[in-house]
Amino acid sequence: MAERFRYLSAEWAQEAGRRLQADLTPEKMKHLTSSMLTVYTDCPDGLERAVYYRVVEGVVEEVSLHERELPEAEFTITAGYDTFARISRAELKARAALMSGKMTLRGNLVKALRLAPVVDRLNEVLSTIPTEY
Amino acid sequence: MVESDHPQDDPFFIDFPERIGRLQAAMAEGGVDVYLGSRLRTLSWTLDAFCPWRSFIVVPPHGLPTALTFVIDAARVADDSWLDEDHVLGYGPMGGQDQVSLLKDLLEPHLSGGKGVVGIETGMGTYLPEGHLTHLEYQYLAAALPDARFSNAHDIVDRLSLVADEGTVNRFREASRIVDMGHQAVYRAIQDGGYEGMTETEIAGLAAYAMRKEGSEWEWSFTGGNEIASGYRTGLAAGACTPASRRALRRGEPLMVDLHAMFKLGLGDHAHNYLLGEATQRQRWHAQNFVDTVQLCLENYRAGVTPSSLADAVLDFCEEQGFAEYMVPGFEHGIGMMGDEWRIGLNEGPFPYWTDPEHEYQAGELLICAMQYACPEEEIGFRYENPILITGSGCKTLSEFPLSVDEV
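Chains as they are written, first to last, in my numbering: chain A, 1364 to 1496; chain B, 473 to 880.
Everything labelled a hint here was simulated from the structure, so no lab data went into it.
Just so you know, not all the hints are guaranteed correct.
Straight-line alpha carbon distances no greater than 35 angstroms define the calculated DSBU-like cross-link-like pairs of lysine-lysine that follow [what the hints assert, rightly or not]:
no., chain 1, residue 1, chain 2, residue 2
1, A, K1456, B, K576
2, B, K868, A, K1474
3, A, K1393, B, K576
4, B, K576, A, K1474
5, B, K685, A, K1465
6, B, K587, A, K1465
Just chain B, with the same shape it has in the complex (with noise of 0.2 angstroms):
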């Protein structure tokens, strides 16, 4: 796909001002006033602009949002954005310059004798970058604007948000290209015994220098960028989480390559497999039960199938076929523009924070299908990621590097 001149073309397209008039509606419609977002996900979904450091979006009743970072990062942010400096406003530590400060500046205007509804996110989460408003912060702006209502109103977005729109897909679909990119790099380089005398860290190294040359802007994972792991590390019990170590890879062991690329903060994120040199039966074994999960998982999911029914389906399968053990329970985490990473659908589970378990998805949600499948007493492991989207009649991959576990 090719970005175009006429922004209506370009395939990668989204009316950030017509998201912006239905976040703007439904805060009408939840009585909220102003609307304060912290979380890196709502500034990456109203923004368009990828804000490393704390940061506010003040969505106004009407009219156009304004945007607050660390001023070191404020330009870029506003020439990233669509919203124009004016806009995108910077905070330091100067007199009336604080972030204090300048919320109050932007939310006061919309509460009417002071008094009305801020909606704020806070709440908690497994991901660390999430962005929740501290406790502080809210002290904060509770003394500062002392007759106003603070309610958590994160479900508006997370609402608007779930279902994908066509240039957030395509997005996600031009990252997840990167990534087969960074793939067939990896592939290449340790074919043949090539992976003699490399490290993880290598491998990590190589596959982003494919990615970054085909357009990703970083390996944007908070879990250490590209994850490799070898021997051992591949199968940790339950484990699901392995930045790159500076191991040396060995033949007769497995290679676990999980790769993340960003492209407009649509985010790539697929983990393919390998043993290296000639493989046992054993880790043959090993490596179809894992392949035939993956499928059987891919052919399960459709609108109207919540991850419970989906995990059953599953496990079942790995029970009758004797290797249920070894099967990680969790078979996705959500995904989104850079920073939603984590929960599934919205915050309505049995557990606050957590995917519901009976979440019915519906036709447009993008997820990762993520399963690990990890034996420690043999060594062995294998993951599989991919950015999948839902449709009415099962799911499409987005990331097409064949699904196999490859001897190399």
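In isolation and in its complexed conformation, chain A is listed as follows (with noise of 0.2 angstroms):
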């Protein structure tokens, strides 16, 4: 059997970097240079967490888990954890979750709604990665 992560474990982060610099050409990352942090409140433990994705060039250079504080990004896409989870699982879309509120995004709408296809991309690869919620 496939060996499963701890969702939001370092073990976890360092398979999503590991996957995303696999999959995700430069080409399909469009050549992209910009960094996102997710926010992820209410965790199970009570605790908040965040993962910051740094891209350059569309290499995805780090991926790394923060707890208390958390790093400027171009881009800040907050949660609840189960929202998250929902999402990683293909139960929600991340578009519907922003629309109805759940979800809040930080940062220059014009330039999201343009990189929007990219994260999709990104968070594809993410969703293959065997996750214990």
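Join these two chains into a complex; the hints should help.
In structure tokens, the structure reads:
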């Protein structure tokens, strides 16, 4: 049976970085340079956690976990742990979460909409990680 | 006039950073920590872009302002504006991206500890697209920034935009030249009986086509674009608003052609009048009354006169000549970059948000000389509109189409 990773664990982040680098070519990522922070509120242990993604010229150079001091990013997406988990399990579309207010976005909306397909590709890779929620 | 590649040599150049600097200095003087503009006139005056959707501009005490508009139009507004895409943001129905959340994010950093004064634009107006902050927007913002004080501050922008700079005047001059081309196209189309079989909407359309060919961006008036009236519609009692109808033009009737063109947010607005076919002596009498009155009015505009003193002079003449009952007693309306279309001067008159009848014109003010002659019982009327620039010794009409009532 394939190894399973606990959601938002250091192992999960490491596996996420590995898969993103392996599966997403700079062409697929449109040679994008940007940064994104996903902030998970109401984690099962009551804490708030964040995953920071740094993409340079279409290469995912960093996937890191943060608990207290959160790094600055071009885009910050905030939602409850359960919302992110449902998105990861493909039970909820990210767009629907945004449109219903379950998820909030900070950053330039025009740029964000232009990058939405790229983020979808990134999320698609993340959804392939065998994960325990 | 030709646009230049070198901004300073461009006759239509406006120094927007300098405008923002003057606005920020006036904010500091007035104790406003951050300014939230929502009126269309403020958006045009600060952004140099047309904002057809609900939009805002947040002007901090120092540095560049940031505009906020409906996301479907944000990239276009940024493309047209002197501000870059990081200072023209889009809002939409998404978490954190709705108007109130984004405005809170933009305003809050300039309110120390959440406290301070937010200058807002509220009021009332006859002009529907004015864009005052709505009651609900105010309630939401007040809830989002509970320690902030919201203070009505539109006078700051009104005062700064009262006298037009050279680039603005040149934009109005070019828009007026374009309108003149529209009038020429209408004249060519209707002369020698060409009007037979035409409708008011057709006149509006052919003028629009001619003006667009000359570079007009749109027939900007919210009164239906180009206003065309024929027959009894020219003489509606106390009327001065006639969106074109499907009415056919008829021999023996008057025709009023009120054209609007926009060039870089500068507005052309000129009305010209015709008598279709051979006119009667009575129609000619009405026409002469109208032309004489417009002429007199234009001769009276200069720095130092007021709407009230001007009205006295013109109406006295109409009374002496025996046609006072046909002149609609108001001879101008305000004008500025797109969205500034109603009140003359500042909000200082006896009736809030109406023209102050004692406003003293200054050299450099732009306004629309707007006169309406209406005789409903004889189904005849005429309209004159023309942007004028007040000077120390008189006024300069920007549209140069000759003043007359032409028989065609």
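TODO: Would you mind confirming whether the straight-line C-alpha gap from B/K868 to A/K1474 stays at or under 35 angstroms?
DONE: Judged against 35 angstroms, a Cα distance of about 46 angstroms means the pair is violated.
TODO: Could you grab the alpha-carbon distance between B/K685 and A/K1465 and see if it respects the 35 angstroms cut-off?
DONE: The given pair, whose Cα atoms are some 49 angstroms apart, is violated under the 35 angstroms limit.
TODO: For the pair we were handed, A/K1456 and B/K576, check the Cα-Cα distance against 35 angstroms.
DONE: holds, 27 angstroms
Open item on the list: Would the hint linking B/K587 and A/K1465 be met if the CA-CA limit is 35 angstroms?
Closed with: The given pair, whose Cα atoms are some 29 angstroms apart, holds under the 35 angstroms limit.
Open item on the list: Against the 35 angstroms threshold, does the CA-CA distance of B/K576 and A/K1474 hold or violate the hint?
Closed with: holds, 20 angstroms
Open item on the list: For a C-alpha distance cap of 35 angstroms, please report whether A/K1393 and B/K576 respect it.
Closed with: holds, 32 angstroms
Violated hints, in rising order: 2, 5; the structure is consistent with all others.
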